[in-house]
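Asker: Read off the chains here:
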Amino acid sequence: MGEELWMKIGWALLLGAMLVMIWPRARIMMQEGRKGSASEWKSALIPLLLVAGFVLLLITSV
Amino acid sequence: MNLNETAVARSPEAVLSTNKLIRNTYTLLSMTLIFSAVMAMASMAVKVGPMAHLLSSIGAIALLWLVLPRTANSAAGIGVVFAITGLLGFGLGPILNHYLAMSNGPQLIATAAGGTGVIFLALSGYALTTRKDFSFMGGFLMTGLIVVLVAMIANIFLAIPALSLAMSAVIVMIMSGFILYDTSRMVHDPYANYLMMTVSLFLNILNLFTSLLHLLGALSGSDD
Numbered sequence: 001m002g003e004e005l006w007m008k009i010g011w012a013l014l015l016g017a018m019l020v021m022i023w024p025r026a027r028i029m030m031q032e033g034r035k036g037s038a039s040e041w042k043s044a045l046i047p048l049l050l051v052a053g054f055v056l057l058l059i060t061s062v
Numbered sequence: 001m002n003l004n005e006t007a008v009a010r011s012p013e014a015v016l017s018t019n020k021l022i023r024n025t026y027t028l029l030s031m032t033l034i035f036s037a038v039m040a041m042a043s044m045a046v047k048v049g050p051m052a053h054l055l056s057s058i059g060a061i062a063l064l065w066l067v068l069p070r071t072a073n074s075a076a077g078i079g080v081v082f083a084i085t086g087l088l089g090f091g092l093g094p095i096l097n098h099y100l101a102m103s104n105g106p107q108l109i110a111t112a113a114g115g116t117g118v119i120f121l122a123l124s125g126y127a128l129t130t131r132k133d134f135s136f137m138g139g140f141l142m143t144g145l146i147v148v149l150v151a152m153i154a155n156i157f158l159a160i161p162a163l164s165l166a167m168s169a170v171i172v173m174i175m176s177g178f179i180l181y182d183t184s185r186m187v188h189d190p191y192a193n194y195l196m197m198t199v200s201l202f203l204n205i206l207n208l209f210t211s212l213l214h215l216l217g218a219l220s221g222s223d224d
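First to last, the sequence lines map onto chains A and B. All the letters of the first sequence, read from the start, carry residue numbers 1 to 62 under our numbering. All the letters of the second sequence, read from the start, carry residue numbers 1 to 224 under our numbering.
Note that these hints are calculated values from the structure, not bench results. Worth double-checking, as some hints may not be accurate.
Unchecked claim - Simulated coverage check for chain B against chain A, where a stretch passes if three residues somewhere in it have a Cβ under 8 angstroms from a Cβ of chain A: (1) 23-36; (2) 89-102.
Unchecked claim - What follows is a set of in silico ranges between Cβ atoms, one per label pair, in the way DEER data are often shown: (3) A:Ser39 to B:Val46: 25 to 33 angstroms; (4) B:Val46 to A:Glu3: 14 to 22 angstroms; (5) A:Glu3 to B:Pro12: 52 to 60 angstroms; (6) B:Asp189 to A:Gly16: 23 to 31 angstroms; (7) B:Val150 to A:Lys35: 32 to 40 angstroms; (8) A:Ser39 to B:Pro190: 45 to 53 angstroms; (9) B:Ala37 to A:Pro24: 28 to 36 angstroms; (10) B:Phe157 to A:Ser39: 42 to 50 angstroms; (11) A:Ile28 to B:Asn155: 26 to 34 angstroms; (12) A:Ser43 to B:Ser11: 25 to 33 angstroms; (13) B:Ala76 to A:Gly53: 41 to 49 angstroms; (14) B:Ala159 to A:Lys35: 33 to 41 angstroms; (15) A:Ser37 to B:Ala75: 22 to 30 angstroms.
For glycine and all other residues, C-beta sits at the position ideal for the given N, C-alpha and C.
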């Protein structure tokens, strides 16, 4: 029980540190990043939807 | 300036430099994936505990943030990349042993590994052959990553299985997006460094694999 609690605290601290470290870069990317046009988003969403379909196929196959 | 004009305006030197970056990145990525798999098998063989996963992740993240940025332009950076990927591979051992204990564990791991390979090759191939610029996805992907990290921290203590499963599904989509984003960076970012690109793509693949394995294990596996 003791080790499990320390594991949870350790993972929470690690993920919290990751959050702190990526936040400055994420804020810049969110505020100053290039905005995509509708056609650009379409060209990205289609392969991502295909990935979602492929994952569903994998789930049903095992 | 539209994309076609950008392509026309690129000098032969820039094209050669991009091709070299792509070749170096994929060569190093292949080597680190093999090394990581060897380290995972080693940790599976010695049956390290879950604490090893946490400790190796802490070590890898520390190297990633504190050492790699200072060594990314030197030969020492290659050693750091192998250390990061080796530690992350070593941390996979307890997870893989957990799934191997299931009756259909080997099939789950093989399916997750094969699925990850297919997704990576398809998305990377798509980004490289179309040479589309996916830099516009950066803010969106980062927002998704932050939301997932916050939810993961909350779920460490809440321990809601459905939330954990939903996060794995979201991570699969976010990492797929990052594969498009990072691959297009190799083509369009003149300052891209092949060591940093290798680690980025490695992390995309690793997170994709572990999330896919979690989804397959939870929705298809049994603890028999």
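Asker: Looking at the structure, which of the earlier hints fail to hold?
Answerer: 1, 2, 3, 7, 8, 15
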